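Undergrad: All chains, full assembly: derive it from the sequences and hints.
Line by line, the protein sequences give chains S, D and V. Numbering of the first sequence is given in the numbering used here, commencing with residue 1 and proceeding in unit increments. Numbering of the second sequence is given in the numbering used here, commencing with residue 1 and proceeding in unit increments. Numbering of the third sequence is given in the numbering used here, commencing with residue 1 and proceeding in unit increments.
Keep in mind the hints are simulated off the structure, nothing from the lab. There's no promise every hint is true.
[What the hints assert, rightly or not] Below, in silico cross-link-like pairs of lysine to aspartate or glutamate (EDC-like), each with a Cα-Cα straight-line distance of 20 Å or less:
| id | chain 1 | residue 1 | chain 2 | residue 2 |
| --- | --- | --- | --- | --- |
| 1 | D | LYS6 | S | GLU36 |
| 2 | D | LYS6 | S | ASP111 |
| 3 | D | LYS129 | S | ASP138 |
| 4 | D | LYS129 | D | GLU7 |
| 5 | V | LYS129 | D | ASP54 |
| 6 | D | LYS129 | D | ASP86 |
| 7 | V | LYS129 | V | GLU77 |
| 8 | V | LYS2 | S | ASP138 |
| 9 | V | LYS2 | D | ASP111 |
In this text the structure is predicted, and so the values were computed from the model without any measurement.
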Amino acid sequence: MKSFRKELVIHYPRRRGYLNLTPQVEAALAESGIREGLLLCNAMHITASVFINDDEAGLHSDFEEFLERLAPELPHEQYHHNGFEDNADAHLKRQIMGRGVVVAVTDGKLDFGPWEQIFYGEFDGLRNKRVLIKIIGD
Amino acid sequence: MKSFRKELVIHYPRRRGYLNLTPQVEAALAESGIREGLLLCNAMHITASVFINDDEAGLHSDFEEFLERLAPELPHEQYHHNGFEDNADAHLKRQIMGRGVVVAVTDGKLDFGPWEQIFYGEFDGLRNKRVLIKIIGD
Amino acid sequence: MKSFRKELVIHYPRRRGYLNLTPQVEAALAESGIREGLLLCNAMHITASVFINDDEAGLHSDFEEFLERLAPELPHEQYHHNGFEDNADAHLKRQIMGRGVVVAVTDGKLDFGPWEQIFYGEFDGLRNKRVLIKIIGD
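TA: This is how it looks when you write it as structure tokens:
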């Protein structure tokens, strides 16, 4: 069994938004040389997500409105966590969107359906954060 | 390390609903001959989910009402994604329910608790969709 | 490829709450002897979750309020599932928080960011429940 590990560093220029990581994940998979196995891609921070959905800007606006409806940022003082912090909403939004994804690796490629793309979801940006890619297989 | 891959094709006859995939996943595991490892089962489409919960029709009605409350289908024009599409709600519902599951394989079986069953959740049906099963192990 | 399996038994003394499982998962990983691979940790019951977030009591109070807003326990009779049961809300809360997590194993350690901790989320407690740890790798 082979294993491969890579970190991506992300600095998102606003508090919230989405980045398509698929090209970077594909590059890591190619670098690994693994042809058959499983690939884990996860946010290493608990106010961010890695998830799979559509690369469509309108949908990302819908995610923003949906998450703000379910776990609004403001007022900050509505949350117990926000004594010294202001990011409780980001911890909640991350639970809805998920920490990460496991993707099948087949014939050296991400084994995806027609529209699947891997996204980083930032809910408390404006600072460096990391994404982990771990691949195991042969 | 062995690996095994199988696709299931699903055509759900309504826009939304749930299908128990457990027998098909168990059959794929038996076919693989893998006794110890991890099994990934995921929707290959971004308006559907694979998740683990109870095989109980009342609960599935509760899922429908819960998801319609958090991300209602109508009116379609409430969503930015719905310029040429009408399925933004399905992309949101899928985020709550998840893309897929990873299940332990022990002694050649799905290593499940007493009530765990694998479900396909369709949120934009009436057309062919695929589910991926990938198993790695020995 | 090596594989390792362990069950944790949990008896949470209230209907809902959170337990930090990280020390027990780290102990299982050390016991396994696996240095590179993937670790799955999941609830074996469908009214509980295993997820990764912050070890901060204020945030856990925020989770409680958030989940009660999205899927309130009471009145029990609002749910179709609650004919003979009273825990439909727990099945829904578990979908938001997730069934389990997959964690990279690197150099014999959980490959975590600075604040990641593994939690058990109980939504229908007061009885014995199990958590599964499965590790594969070398």
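Undergrad: I'd like to know which numbered hints this structure contradicts. Please list them from smallest to largest.
TA: Failing hints, ascending: 3, 7.
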